[in-house]
Amino acid sequence: MTTTLLAIACILMITVVIIQIGKVTDLANRLKGEEEAQNASNQRSGIALMAFMFAFLIFCVASALYYKNWMLGYGPHMSASEHGGRLDSMFNVTLFFTGIVFVITHIALFYFGYKYSGKTGRKVLYIPHDNRLEIVWTVVPAVVMTFLVISGLDAWNEVMADVGTDEEVMEIEATGYQFAWHLRYPGPDGKLGARDFRLINAVNPLGQDWTDAKNQDDLHPSELVLPVGKPVRVRITARDVLHNFDLPHFRVKMDAVPGMPTHFVFTPIRTTEEYRRELSKYKEYQAPSDPANPASDPLWKTFNYELACAELCGSGHYSMRRVVRIVSEEEYNTWLAEQPSYYRASIRNTDEDPFKGQALPGDPPPPPPPPAPIDTTGVNQ
Amino acid sequence: MATAAKQTTAPVQHDEDLLIQEYGYDDHFHEHHEGDKYQSNFISTYIFSQDHKMIARQFLITGIFWAIIGGLMSLVFRLQLGFPEESLAWLKPFLGKWITVNAETGMGTLAPEFYYALVTMHGTIIVFFVLTAGLSGTFSNLLIPLQVGARDMASPFLNMLSYWFFFLAGAVMFFSLFLSTGPFAGGWTAYPPLSALPQASSGSAGGMTLWLLSLTFFVISVLLGGINYITTVLNLRTKGMNMWRLPLTIWAFFVTAILALLSFPVLVSGFFLLIFDRTLGTSFFLNEIFVGGQALDHVGGSPILFQHLFWFLGHPEVYIIILPAMGIVSEVLSVSARKPIFGYKAMVFSILAIGFLSFIVWAHHMFMSGVNPFISNFFVVFTLIIAVPSAVKVFNWITTIYGGNMRYTSAALFAVGFVSMFISGGLTGIFLGNSAIDIQMHDTYFVVAHFHIVMGVAAFFGMFAGVYHWYPKMFGRFMNETMGKIHFWGTLIGAYAIFWPMHYLGMAGVPRRYYRFDNFDTFSHFSAMNQFITIAAILVFACQLVFVINFFRSIWVGKKLTEKNPYGANTLEWTTPIEVPHGNWPGKIPAVHRWAYDYGKGGQDHISQIVPLAEGEGDSGH
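For the protein sequence lines, the chains are A and B, in the order given. Start counting the first sequence at 1; every next residue gets the next number (my numbering). Start counting the second sequence at 1; every next residue gets the next number (my numbering).
The shape of chain B in the complex, shown without the other chains:
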């Protein structure tokens, strides 16, 4: 005990086991779970697994699958935008009737309806299946029990259900791609009346029914996961792990889960009302409509009501996406810089502030939707207040690098790239959040550039940082670093090449969701830029294939993890064995004595959370 507490020598490998043995908490887990009834055969180990680490991997691999699909979709519609005059006949074998081939010229064109279906599916898939389930689902599942010192989630069974509802949601959405009337094509925001009326858009027939069904399953998945994350963080923290000792990853996942739990049900209520309008003849969102040659019976509803319900989820949703990435980046930056995260408490408070504010800014998506302009005043104020905690986070990340000793793994590079993306995309939010400027910018490519950079690319960067960093914990091997760096540089440069020029399109007033631009003189000046963007998009997608190859190849041939704590990190997941068993720790659960960021303290490289405080030593987190 004395040797460990004195900290005159850097802690060595075996010390950690001894520390757990000495101070740890014996919950008699292994007496109850000996023989591991949960993982006795193939199906309960790999398919209907209740182990949070396996569920995390299931979320991640499913997320990668959907990211590839969503990415490919964007390539098809980028081809249409960049090269509207080129024949797409070669896509006919894949896309079937959505490509119309002119019998005489052989020219294949993408049907407008399918262009909109692709745009819609790309948005839905990336926002929900990849950046919500794939990001928060993966890392909340993997890290919450490991970093708070729990054997598993509070309810492993609900956790398993959470994944399988996600899988079901994906299966239904995938099936909708093959309907004869096509998948839903009214934009990922699904605004009625377009989404309510099959007469207005063929995708609003069966495609929309399946879209609603799929996302309802998805919300069930999110709620089952979220309630588990919250319960686990609140109730299953190990001895000594008070809230101020939680790593920032856990804080981020915790607040994310709260946001999801409060906002997703509102989305579902909107969905149900929409289903009623579509099937039962109610008029929640429909009023005075003449479509398909006849006046409908619906009177008295308001399409704007749906927008309120949608964005009451929709805005917290962007923080549901970005907060986990922020948490991951905070952890990865600190570990890579060998330096405590700067301003831990300020980081926690800014996560809480962002989480709170995210609930009272939703109507900034609706400045131009016909709501009373007076209401917008409040939403402008709250929206621009978010810039303050966001700025604090950015400054704190930069200061974390200052004076550090940056070890540039691929994860660290992606974390730095995240900060750059978050700055670039966050600053354009200041334009859009200001309703007066939004008059010109609303629904233009400026918005496309803004949200792709700040919650698309940035969240992906956070996800990549997490995957590279915790890959050894997930698979017991490392991903290839050189391929990781090729992936990073290609993606960083390429992503800016795609989205930066779009700001100028937006300033010119070019609206988003246009199938072609040549109907308007005003919007047709940018064919060279659109070609450039399309080529950049193809190259960036190719870089993601490098990642995918690296990911799957490394499962079998990656460099093996040979020590428990390869990065010299302080958090609890690195005190588990190299091959983490069910229940995470073979014996006792480690007890925690300090915050997670004692890097470089008193000349020591790092001091794990399980090392007791020396006499007179203060816990720097407090």
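Chain A extracted, bound-state conformation:
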């Protein structure tokens, strides 16, 4: 209560002070004579603008240095995907050109603002226009833009190209729902089975049609694990509202749209371990990962690639995290072999199973060892 009163009193005081300052300068100006006061004020403003320019440009450079670890393409923030490096360098080329324009225009704006601050009797230049000058500053931006557009579109069309029919690319699927990602891998047949949203229920989170044999070996892992160096096509879908499949380290982003599967093709080029080793070179990453516990692992050791949601999808939008692990091909194969088929583990011979009581080609030979109870639903991490 007292704090509130104190705060209100403070605000009132400051208000009164500002109003008084306003009044006093007004009066002082009237005493000095309007014209002279205006000249002095112009000069003060001009100097202030110039000072602001220096402070601002220094702030820009200093803040860029301070946050250099987040500069795209720089060590700790380099791309973990093949196409990402190209996008990063495009960002930096654009940064170079816009940086030049930014500095030149700001120096011109504030320097002229300072140099031509008003004085009684100063003669102004009457120049309504200058065609030559105007052509120059129409053409130069146009040329720079053409360059940026061409290199941008070249990169864009290459990055966004879908896989050709003749290419062997591993396909996985990510489905966004409120509020998590559900992952699906194709299993040994390399094909994702058919889905129908009407079939979705508590045990069939993706609405897979179990009569489709391609579904019967599909996996539902809780982590996104991918082998390094191999292109992967992510089929991106959503169950309820829009989501966005966002892998910031891989420069991957694509909306998940209900009823309209989208995709993104990319190739991871750094394993999680390699990325950690790179981070360990920077002193910022030597800090303990838990600030409260100095003995905890350093930040670089706990680093993980992450999958996030980048399209507002409701009140849990900020929490749709999955860990992404990039591993060597060997490790990947080992991991993959350990993953049970979702159908075999959770559906087979339940009431959901259309083949309940019937023999299927993939059935384990009797007597089957009881399958290890592995929680593969992974829906509420």
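Simulated from the structure, these hints should not be mistaken for laboratory data. Glycine included, every Cβ here is placed at the ideal spot set by N, Cα and C. Any given hint could be a false lead.
Stated by the list, open to error - One side of the interface only, derived from the structure: several residues of chain A facing chain B at Cβ under 10 Å:
1) MET13
2) ILE14
3) ALA48
4) MET71
5) LYS119
6) VAL232
7) ALA238
8) ALA308
9) PRO354
Unchecked claim - Covered stretches of chain B (chain A as the covering partner; in silico rule of three or more C-beta atoms under 8 Å from a C-beta of chain A):
10) 132-145
11) 150-158
12) 233-242
13) 290-297
14) 430-439
15) 591-603
Stated by the list, open to error - Take a look, some chain A residues computed to stay more than 10 Å from chain B by CB distance:
16) ARG44
17) ILE127
18) THR138
19) VAL163
20) ASP217
21) GLY316
22) ARG344
Given the coordinates of chain A, assemble chain B onto it according to the supplied hints.
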């Protein structure tokens, strides 16, 4: 006549009245409107007024009200982002059930749903109610009749309706804040299916219904205003006021009105389809949805269709916001520099080019939305072409200052600040407009930084420049200059302090619209920066209170306007009496003989538009 035309002496006060008397056009207005039937009592003068100057003030004051509400909302969610561990229990008396207080620890937290409601309302309110109605509504209404030399708008009655539909829109939106299910919380872009399904977000229930209703009223308001602005500029220009003699303010308002008239109906059509989906069971935007434990019947629609309809307005909308600010800044810079605006024709053509291009770039908001990547090629090209007319405008503003004699009023400072903001925010648009770079930047804080600087802060700067500059025309008094300068410096430094660091967040890939960042290792490195931004936001808001106090205080105690033309400006609004009557000019309407920017010509400080050309003198605008 001869003395006025010779221009050997600087024009004096009384000359203007004589000039109007001599050359002006007599429309017999006062014979028809003697006794002023429109303004005979309190209600018709101050409430249901049909006078464009009163309607302008109504728009402005309503806009200020909404700016305060929208600003306060941003402070609440900035507190959440900057200090997620601090108790917000002290906000409980204001925000009620949206703050959950832990009974044991006394820790008050902001509910995530309400965080999103605040973000949504902040965007909707600032974009539509403040920067569209408050900016274009205020200055188009005030300046179009005064600067083209008209008695009033083409249809004063529609003009009045325009304001009251805006008021109604605001009232409905305000009411939605108090619903038990909360106001709409799906982002100002209102993308379905989230905005269509109450099961997906509680704000999409009654809150969304009211949001749609409110914005439909708002669009009616914009259309009634826009058709009036266009008609007035085309048909009610005074004698001699051809299009190439219009001040750049009018050009900007004119093109803005055309953009609004062409794009807002498309938004409404999207709204209606969304209403059908919500209430009639249609499936324009809905397809194969499983939500709330059941599969919905909607099949065959496309959420992306809504995005097309939305951004077909949404992109022109950002120019609807920024063009009036550009017009105001052009005028204020020229008057303050005592120098003609550099490259008047290039400025007009770039306004037209920007206006035209704004209609064919909308899908640059949708590069990552699942549209065919091939389509994006066209939108990249057109988007980056906009950089050219924008660059021309920036260079022309800078050259206008070059060789001038800058009189730094608060308005002039805000105009200079506008140019700086427009450069900073415009350049980051080159990153985002390039679809390849947008893959990483899309929906991150880089976007937040970009559009807040280029169409939020810059448009506010244009608005402030306009308010300080034309305040004497609106209220017959000046605002306090010292308080204006405190306001300017606090806002300039503070706004950069808020939004500049966000670029780095965006480069790190931190997505926007996150309630907290600590669920992700990648996004949780920036608590110090988020605190800094929040503190800067509070300080900037405090600076805006200086403006608000100055604004309302000056209505009664500001320094009185003692001459008709305090800035030595050329445009027609400064030929009206100090207290502008209904009908704007007491006698004849002034006739125009030259463009609006004869400052410093032939050694004269300024030559008003109503001064006839001397023999052999060319009109520099042509």
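Here's how the hints hold up against the structure:
no., hint, result
1, MET13, "violated (13 Å)"
2, ILE14, "holds (8 Å)"
3, ALA48, "holds (7 Å)"
4, MET71, "holds (7 Å)"
5, LYS119, "holds (7 Å)"
6, VAL232, "violated (16 Å)"
7, ALA238, "holds (9 Å)"
8, ALA308, "holds (6 Å)"
9, PRO354, "violated (18 Å)"
10, 132-145, "violated (count 0)"
11, 150-158, "violated (count 0)"
12, 233-242, "violated (count 0)"
13, 290-297, "holds (count 3)"
14, 430-439, "holds (count 7)"
15, 591-603, "holds (count 6)"
16, ARG44, "violated (8 Å)"
17, ILE127, "violated (7 Å)"
18, THR138, "violated (6 Å)"
19, VAL163, "holds (14 Å)"
20, ASP217, "holds (24 Å)"
21, GLY316, "violated (7 Å)"
22, ARG344, "holds (24 Å)"
The structure shown violates the earlier hints numbered 1, 6, 9, 10, 11, 12, 16, 17, 18, 21.
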